[in-house]
Structure formats: C-alpha cells, structure tokens
Amino acid sequence: MADDKPNLDLAAQFQEYVTQWERSVDKAYNDFMGTEQYSQSMNQFQNLQLQMQTRFKETMTDQLLNVNMPSRDDVLQIGENVRMLTDRLTRMEEKLDQLLDPEGQRVATKRPSPPRTKTPTPKADSADAPKE
Amino acid sequence: MVAKETDDNQLMSQMQDLVQKTIQRTIKGVQFVNSAPASVGLTPKDLIYSRGTLRLYHYHPMSDEIYRVPIMIVMATTNRGYLFDLLPGQSMVEFLLKRGFDVYVVDWEPPMPSERGLRLADYTDDFLPTCVQKIEADCGEPDVSIVGYCQGGVLSLIYAATHTEGPLKNLVCLTTPVNQAEMGLFKIWSDERYLDVDQLVDSLGIIPGEFIERGFEMLRPAQKTAGQLRLWNQIWDDEYVRSYQAFERWGNETLPLAGEYYRDTTKELLWGNKLYKGTLKINGKDANLANLKIPVMNVMAEHDHIAPYKSTKPLLDLVGSQDKEELVLKGGHVSLIAGPRAVKRMWPALETWLSERSV
Numbered sequence: 001m002a003d004d005k006p007n008l009d010l011a012a013q014f015q016e017y018v019t020q021w022e023r024s025v026d027k028a029y030n031d032f033m034g035t036e037q038y039s040q041s042m043n044q045f046q047n048l049q050l051q052m053q054t055r056f057k058e059t060m061t062d063q064l065l066n067v068n069m070p071s072r073d074d075v076l077q078i079g080e081n082v083r084m085l086t087d088r089l090t091r092m093e094e095k096l097d098q099l100l101d102p103e104g105q106r107v108a109t110k111r112p113s114p115p116r117t118k119t120p121t122p123k124a125d126s127a128d129a130p131k132e
Numbered sequence: 001m002v003a004k005e006t007d008d009n010q011l012m013s014q015m016q017d018l019v020q021k022t023i024q025r026t027i028k029g030v031q032f033v034n035s036a037p038a039s040v041g042l043t044p045k046d047l048i049y050s051r052g053t054l055r056l057y058h059y060h061p062m063s064d065e066i067y068r069v070p071i072m073i074v075m076a077t078t079n080r081g082y083l084f085d086l087l088p089g090q091s092m093v094e095f096l097l098k099r100g101f102d103v104y105v106v107d108w109e110p111p112m113p114s115e116r117g118l119r120l121a122d123y124t125d126d127f128l129p130t131c132v133q134k135i136e137a138d139c140g141e142p143d144v145s146i147v148g149y150c151q152g153g154v155l156s157l158i159y160a161a162t163h164t165e166g167p168l169k170n171l172v173c174l175t176t177p178v179n180q181a182e183m184g185l186f187k188i189w190s191d192e193r194y195l196d197v198d199q200l201v202d203s204l205g206i207i208p209g210e211f212i213e214r215g216f217e218m219l220r221p222a223q224k225t226a227g228q229l230r231l232w233n234q235i236w237d238d239e240y241v242r243s244y245q246a247f248e249r250w251g252n253e254t255l256p257l258a259g260e261y262y263r264d265t266t267k268e269l270l271w272g273n274k275l276y277k278g279t280l281k282i283n284g285k286d287a288n289l290a291n292l293k294i295p296v297m298n299v300m301a302e303h304d305h306i307a308p309y310k311s312t313k314p315l316l317d318l319v320g321s322q323d324k325e326e327l328v329l330k331g332g333h334v335s336l337i338a339g340p341r342a343v344k345r346m347w348p349a350l351e352t353w354l355s356e357r358s359v
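The listed protein sequences correspond, in order, to chains S and F. According to my numbering, the first sequence is numbered sequentially starting from 1. According to my numbering, the second sequence is numbered sequentially starting from 1.
Simulated from the structure, these hints should not be mistaken for lab results. Here the structure is a predicted model, which is why all the values come from computation and not from measurement. Here a beta-carbon is modelled for each residue, glycine too, at the ideal position from N, C-alpha and C. There's no promise every hint is true.
[Claimed, not checked] Quick list of the computed label-pair ranges, beta carbon to beta carbon:
no. : chain 1 : residue 1 : chain 2 : residue 2 : range
1   : F       : Ala181    : S       : Lys57     : 27 to 37 angstroms
2   : S       : Phe32     : F       : Asp198    : 24 to 34 angstroms
3   : S       : Lys57     : F       : Gln20     : 53 to 63 angstroms
[Stated by the list, open to error] In silico EDC-like links for lysine to aspartate or glutamate, alpha-carbon gap of 16 angstroms or less:
no. : chain 1 : residue 1 : chain 2 : residue 2
4   : F       : Lys169    : F       : Glu136
5   : S       : Lys57     : F       : Asp202
6   : F       : Lys224    : S       : Asp26
7   : F       : Lys28     : F       : Asp323
8   : F       : Lys98     : F       : Asp64
9   : F       : Lys224    : F       : Asp264
10  : S       : Lys57     : S       : Asp31
11  : F       : Lys169    : F       : Asp202
12  : F       : Lys187    : S       : Glu36
13  : F       : Lys274    : F       : Asp264
14  : F       : Lys187    : S       : Asp31
15  : S       : Lys95     : F       : Asp46
16  : F       : Lys169    : F       : Asp323
17  : F       : Lys21     : F       : Glu239
18  : F       : Lys224    : S       : Glu36
19  : S       : Lys27     : F       : Glu217
Turn these sequences into a full structure, and let the hints guide you.
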C-alpha cells in the first residue's frame, strides 16, 4: 500500500537526480581525462599555446618599443611599484600615528591579551559543542 | 478511514509546501541575482606582518582566559585564508577563539611579478620561520602549534622537518598530500613525459590563478553546474544561499603562484615524491619526516578529490613522533574545513587534541 502513495517531495527527488547526474558526468569525464592519451594531448596543446603566446609577446614588445609605448611587463612593473609605495606609505602612516598619539592612546593600540592560564576541561567544554 | 484521511492531509500539506517554495524560489531568485558578493572573513583581526605575498593575521581573542600555546594556521598557497573564517557560525577560527585559543593565520596575496623567483625554500625556510618568530614576539610565548591545510600542510611539514630545534610544539595536518604518487588525475596530467614545466614557468613567470582554478574544476567537471541546480532547488533557504555564495566567492578567488615555486613543487614533490621518500633537501637541510618528534595529528577526508585519501594517509607512518593520531572523516577537501561535518566532528576533535597539548 505504502508504495502506491504519490510522492510529492519533488525537491528531494530533484536533489537525488542532480547528485546522480553529477556523479555520472564526473565519472565519464574522469575516465576520459584520466588516460595517458588525454594527458599527452592536453600538454601538447598547452605547449603549443605557450610557444605561440611567447612569440606573440616578443613581437608585440618589439612593436611597442618601436612606437615608444610601454609593454605589458612595463605596465605590470609600474603597478607593482605603486603597490609597494602604497604599502610603504601605509606603514609609515601607522608608525607616525603611533608616535604622535598621546601616551594613553598608544597603550590602547596594543590589545591586552587575556591570561594564558586556560587548561583543558573537555567534559565541560564539549557540553555546548554541537552534537552530531 | 482514518488512514485515508491522514494520507489526504499529508498530500495537502506537501502540495502547500510545494507551492510555497515555488513562490519563494521566484522571489529569492530575483533577490539572489541582485545580491552583493558574500561578506566573508568577518572575525576581527590585526595584520601583524606582511611582506610581498605573505600576510600574517592575529585574531582578537574571544575568551577571558586562553591556552598558553598559540596556534598558527597555514593556508594553502593556491587559495584565500578566509576559508577558515568563512561566515559567522561557519568559522573554524571563531570556534577556536571561543574555545580559548590564541589564533594566528598565515595567508597569501597574489605574488607580484618580482616574486616570480620565490622558491619552495623561501616559503619553508623564510616565510614560515619568520611568521613563527613574529608570533613569539607578539605573544611572548616560546612555543607555537601549527595547523596546516592542504599545501599549507606540506609547507608546515617541510618547515617542521627542517627546524627540529623548535619552537614548534604540535603539528596538525589537514588533508595534506604526503605521497604525491597518489595524487590521481593531477599526477596523470602532470606526467613528466608530457608536461614541460620549464617552458610553462619560463613563459609565464607567474602561474595564473585561472590556470590553477581550471585544474581544480577539471577534477569535478559537473560540480559547478550541479551546485547551481542545487542552489535553484534550495534558493528559498537563506542559510543555504549565504553559504553557497561564500563558497562560490572563495572558489573563484584562486590565487596565482610564483613560477619557481610551481617548478619546485612539480619537480621535487609531484615528480620526485621526495617528501614521501625522505630525500627532499631544503637549503642543504634534510626535510625527512622521520626528523619530526613532536605530537602530530593527521586529519583526512574520505572523499577528497584534490588531496586523495591515499595521498594523505601515510603521514603517521613517516613521522618519528611517538604521540600521533589520525582522524578520517566523511566529506571532501573543502567541506572538511567549513562544512556541516567540520562543525560537528572536525573542529571539536581539533579542539580536544590541541587543548591537551597547549598548556
């Protein structure tokens, strides 16, 4: 009799369907991608792509140099310099704030640490731990 | 007669639930599309040290009394450290703070172009020892416990094996691939005969985050689509959506890697499997795991597709420690840290193990 009941919990059915679908697709792909042939082809393609990328980069760098324009590496270098300068300025600002602050505030910036005296009390501590 | 009436009532109730969820799904779907990215890593903290790609954070204690020995959590170099502090109530850091631990986290920023030359030795023989020194200076304690996650665990193991004189007191490895011959698809795709790692590093300098992310996604090609379908199904549930958004954001923020570091990890660890074989040398020092005599805990995920169980399992056989323990949990590589099972099983187990060794 129980088997004849219509199951309207479509959400649970959908969840189950998605899980099964995910498993089967992952397995099919993993079986395909886990072969030596796949690894060889993937790496050959990647090597080719890298070679082309390197040649293109070299050509572009030469062209940009000819027209007196910065290359990608130059722009990245400028970006990095700006980031380093910003970091350095932030650190200097923090140090200045610490030096200029009145004594009371300077002490307050270092957060007081609680005493390091805690000892394990597993039974009491685990009482409010989430239960499985 | 009564049974028939109960069945009809159940049917009605299920119908009502279905209609209600369909309406909610529509409303919440519109809200989701317009929602801002998830706010993550909200537990208060101070940045106490930074250098290039390296960040060391100290979290504000949340307990009136804390354990003597601080914890330094080391994040994997490929991902953001806020996985440990994903959301309030879903934060390993918050849990540890409330249980009386003093918590520091080693996190990573994308390496700058000038950092392309960072090597494995820079991480294990410079970054981690410097962080330990900074923690000692900050808290005034001569001992530190390390909790390393994934590749962060590998770095922690190498650091521990090459700095046996201290001050490391305890080491916890979470889903840490030790035997890299068992890295499954990663191992096949990085086959020494086909992967030209020198060309890759020499051409790119910094290995892009998208490249790393693609590698992770290829391990579970259907995961993203299935996740979106599950989200649609559960979109009426605010908690589920909040958690989904946080994990989604974390997964999309995969970090680039310094080229030389990538070359080292590929050649020394993945191809040479030198950490497992005990033949790894860092700046002339033996990184043999048998050197480890401190207490070690190894936490593994049974269904880990990134650091497969077989690659994480051998750790305790390799270390020279007497005090060693392992914990195998159901779940995957990420859910072990921030999923529901982590909250119920992993965090309490970690707390128990560390508390006994942190006085």
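Verification of the hints:
1. At about 35 angstroms, the CB distance of Ala181/F to Lys57/S agrees with the hint of 27 to 37 angstroms.
2. Remark: the range hint 24 to 34 angstroms for Phe32/S to Asp198/F is upheld by a beta-carbon distance near 28 angstroms.
3. Distance hint check for Lys57/S and Gln20/F: the Cβ-Cβ separation is about 57 angstroms, which falls inside the suggested range of 53 to 63 angstroms.
4. Between Lys169/F and Glu136/F the CA atoms are separated by roughly 12 angstroms; this keeps the pair inside 16 angstroms, and the hint holds.
5. For the given pair, Lys57/S sits about 13 angstroms from Asp202/F by alpha-carbon distance, which is consistent with the 16 angstroms threshold.
6. Restraint check for Lys224/F and Asp26/S: satisfied, since their Cα atoms lie roughly 11 angstroms apart, inside the 16 angstroms limit.
7. At most 16 angstroms may separate the alpha-carbon atoms for a hinted pair to count; Lys28/F and Asp323/F exceed this at roughly 51 angstroms.
8. Between Lys98/F and Asp64/F the alpha-carbon distance is near 9 angstroms, which keeps this suggested pair within the 16 angstroms criterion.
9. In summary, the hint linking Lys224/F to Asp264/F is not supported, as the alpha carbons are separated by about 30 angstroms, beyond the 16 angstroms threshold.
10. For the given pair, Lys57/S sits about 36 angstroms from Asp31/S by alpha-carbon distance, which is inconsistent with the 16 angstroms threshold.
11. Taking the CA atoms of Lys169/F and Asp202/F, the gap is about 39 angstroms. The hint is violated against a cut of 16 angstroms.
12. Distance check on the hinted pair: Lys187/F and Glu36/S sit about 11 angstroms apart at the alpha-carbon level, within 16 angstroms; holds.
13. Restraint check for Lys274/F and Asp264/F: satisfied, since their Cα atoms lie roughly 11 angstroms apart, inside the 16 angstroms limit.
14. A threshold of 16 angstroms between alpha carbons decides the hint, and for Lys187/F with Asp31/S the separation of about 14 angstroms falls inside it, so the pair holds.
15. Under the criterion of a C-alpha separation no larger than 16 angstroms, the hint pairing Lys95/S with Asp46/F is consistent with the structure, at around 15 angstroms.
16. Restraint check for Lys169/F and Asp323/F: the C-alpha separation of about 12 angstroms stays at or below 16 angstroms, so the hint holds.
17. Note on Lys21/F and Glu239/F: the hinted pairing holds, with a Cα-Cα distance of about 15 angstroms set against a maximum of 16 angstroms.
18. Of the pairs offered as hints, the one joining Lys224/F and Glu36/S is violated, with about 25 angstroms between alpha carbons and a cut-off of 16 angstroms exceeded.
19. For the hint pairing Lys27/S with Glu217/F, the CA-to-CA distance comes to about 14 angstroms; that is within 16 angstroms, so the pair holds.
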